[in-house]
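Trainee: Top to bottom, those sequences are chains A and B. Going letter by letter, the first sequence gives residues 2 to 390 in the numbering used here. Going letter by letter, the second sequence gives residues 3 to 250 in the numbering used here.
Keep in mind the hints are simulated off the structure, nothing from the lab. Heads up, a few of these hints could be off.
[What the hints assert, rightly or not] EDC-like cross-link-like pairs, simulated, lysine to aspartate or glutamate; straight-line CA separation at most 20 Å:
1. B:K198 to A:E116
2. B:K70 to A:E20
3. B:K198 to A:E20
Since we're looking at a predicted model, the values are computed, not measured.
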Amino acid sequence: MSKFKGVDYYNFDSLLTEEEILIRNTIREFVDDNILPIIEDYYMRGEFPAQLVPKMAEMGMFGATLPAKYGCAEMNNVAYGLVMQELERGDSGVRSFASVQSSLVMYPIYTFGSEAQKDYWLPKLARAEKIGCFGLTEPDFGSNPGGMITRAEEKSDCYVLNGAKMWITNGTNADVAVVWAKLNEKVHGFLVEKGTKGYSAPEMKGKHSLRASITSELIFEDCEIPKENIFPNTSGLRSPLMCLNQARYGIAWGVIGSAMTSYDTALNYSLSRVQFGKPIAGFQLTQEKLVHMLTEITKMQFMTLQLGRLKDKDESRFQQVSLAKRNNVAQALEIGRIAREILGANGILSEYPIMRHTANLESVKTYEGTHEMHTLIVGEDVTGIAAFE
Amino acid sequence: MKIAVCVNHVPDTEAKVRISSDGKTIDKAGINFILNPYDEIAVEQGLQLKEKFGGEVIVVSLGGDSNKETLRKALAMGADKAVLLKDDSIRDSFAVAAALADALKEINPDVILLGKQSIDYDNSQMVGLVGELLNLPSVSVVVKLEIQDNKIICEREIEGGHEKVESQLPIVLSVQKGLCEPRYPSLKGIMAAKSKPIEEKQIPAVNSKVETISLRMPQSKAAGKIVGTDSTAVKELVRLLHEEAKVI
C-alpha cells in the first residue's frame with residue numbers, strides 16, 4: 002500500500018504554521034514506521050505495545066504543551082491536536098495512552114499540584130520513567146461522577162482511601178494514580194503510588210474494543226497515603242472535569258486521524274476492487290459514500306482547528322469542546338462503518354485497519370463524557386435549561 | 003569539531019512527477035518536497051560526530067525560499083545553524099558545487115558531509131567536485147567511519163564488498179544507507195528550531211558546463227501475460243521465465 006498522505010481537500014495545511022506541519026509529518030512518519038507494522042498483532046492478542054512508550058517519550062509526546070522547564074516541548078494546542086490525530090491514525094489505544102499521560106496525569110499535577118509535586122513528577126512523566134493513570138469513574142458513577150463513593154479520611158499523619166474506580170486506562174501499569182475522592186464531602190485529588198499498601202489495580206479482561214490498551218480497576222482498601230500527596234489547589238468536582246476537558250480536546254483531534262485512515266483505505270480499495278467489469282469506485286452508491294466521508298472529515302478539520310486556535314488564545318469554552326468531541330467521534334465511527342461496507346467482507350479482516358478502528362471508536366464515543374452527556378452539555382448551553390440535574 | 007552538511011530539497015519519493023511545458027524541467031506544482039534521504043543520513047552522522055567530539059553542525063542548502071523547510075527539518079533534528087544560498091536558477095552539478103564550495107570555504111569545517119546522491123537528478127558528482135574545488139580529499143559512498151585526532155578511516159561500499167581507506171581531516175564525505183539511522187526530530191527539537199538562525203546569502207551566478215536538453219518520462223510497462231490458469235501452464239511458465247525473462 003502507498004504511504005498515507007493525509008486528507009486535505011480545502012488546503013487545510015495553508016492554515017498551519019511551518020512547525021505545526023513539521024510536527025504532524027514527524028509523528029506521521031513515526032506512526033508509519035513504528036505503529037502500523039505491529040498494531041494489528043498486538044490488538045488481536047489484546048496486548049499494549051509497551052515498547053513504543055520510550056520512543057514516544059524521547060520524541061516528546063507526553064505533556065507536550067507544558068513548560069520547557071519540566072522537559073516538555075511547550076508547543077501550542079493545535080500542534081498537540083495534530084500529534085493526537087496522527088497517533089490515533091495508528092490506534093485509539095496508543096493515542097489514549099498519550100492522552101492519559103498528558104491530559105489526565107501531567108495536566109492535573111501541573112495545574113493543581115504543589116511545586117514539589119510538579120518538580121518531582123513532571124520530568125519523570127515526560128520521560129515516561131513513570132507512567133500515570135487517572136481515577137474518577139466508578140462502577141456505579143460514570144456520567145454522574147459527583148455521586149462517587151470513594152472516600153478519603155484524614156488521620157494525623159496520612160489520608161486513608163477506601164473505594165473503587167473502574168474503566169481506568171493504564172491502571173495496571175501505572176506507577177502513579179491521580180485519584181479523585183471525597184474528603185469531608187468535597188472532591189479532592191490525591192497521588193497514589195504503585196505499591197502502596199491497600200492499593201491494587203487488576204486489569205479488566207474481555208474487551209472487544211481498545212484491545213491494544215490496558216484498562217483496569219483501581220481498588221483502595223484502607224490505603225494510607227502520605228499527607229503531601231493531596232493536590233493543594235483543587236476546587237471540588239470542577240477540577241477533574243477540567244482534566245477531562247483537556248482530554249476531550251485531544252480526542253476531538255484524535256478521531257480525525259481514525260476517520261482519515263478509514264476513508265483512505267476505502268478510497269484505495271474501491272479503486273482496485275473490480276465488480277461487474279469496473280472498479281467499484283465507479284458506482285454511484287460508492288461515490289456517495291466516499292464523498293460523504295470526505296465532507297465530514299473536511300468539516301471536522303476546520304471546526305477542530307478553530308477550536309484549537311481559540312484554546313491557544315485561552316478563549317475556548319468547555320461546551321465548545323463537548324460539541325467537537327461529540328460530533329467528531331460520532332462522525333468517525335460512522336465513517337468507519339461506511340468504510341467497512343465499501344470493503345465488503347474484506348472490511349472485517351485485520352489485513353485492513355477499519356474494523357479495529359471502528360471497534361475502538363465504540364469506546365471513544367462513550368468515554369470522556371458519553372455522546373449523550375455532551376449533547377446535554379451543549380443543550381444546556383444553548384437553552385439555559387439543564388436536562389440532567 | 004566543525005561539521006558542515008550539504009542538504010538538498012527534493013521531490014518526495016512518492017511524488018508523481020510531471021514534466022513542465024518547456025520539456026526540460028519538472029512541474030513543481032502540487033509536489034511535496036523533502037530533505038533528500040541520503041542527506042538525512044549525512045545530517046544524522048554530523049549530529050553523532052558532534053555528540054562524540056563536541057563542536058557544531060552547520061547545514062547548507064542551495065535553492066529558493068522553499069529550501070528553508072528542509073533546513074528547518076535539519077535544525078529540528080539538532081543542527082545548530084543553517085545557511086541558505088539563495089538562488090533558484092537552473093545549475094548543473096559544477097555550478098552547484100561552485101556555490102557550495104564558496105560557502106564552505108568561508109565556514110572552514112573539519113568534516114563536510116553530503117548524501118551520496120540527490121534522489122532528484124542522481125548525478126552523484128557533488129563529493130568529488132566539492133573536494134576538488136576546495137582542494138580537499140574526498141571519499142564517496144561511506145558506510146562506516148572512524149575519526150582519531152586528524153586521521154579518518156572510512157569504509158566504502160564497492161561492487162561485491164567493502165573498501166577501507168584512510169585520509170586526513172579536513173575532508174569531504176558522501177554517505178550511503180547503512181552508515182547510521184536518521185533520528186526523528188523531537189517535538190522539543192522542532193520548537194527549538196524556530197529560534198535557530200537561517201542565514202540567507204546572495205551568491206554569484208556561475209556558468210553551467212552542461213545543459214539539459216530535454217526530459218522524458220519512462221515508457222509505461224507493457225501489459226502482463228497470463229500463460230494459463232491451471233497446473234498445465236507451469237511448464238510453459240518455467241520456459242518463459244527461463245528463455246524470455248531470463249530470471250531463472
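Trainee: For every hint, state whether the structure bears it out.
Mentor: Outcome of the hint check:
Pair hint K198 (chain B) plus E116 (chain A) does not hold up; C-alpha atoms about 31 Å apart against a cutoff of 20 Å. For a cut-off of 20 Å, the pair hint linking K70 (chain B) to E20 (chain A) stands: about 12 Å separates their Cα positions. Of the supplied pair hints, the one linking K198 (chain B) and E20 (chain A) holds, its CA atoms being roughly 13 Å apart against a limit of 20 Å.
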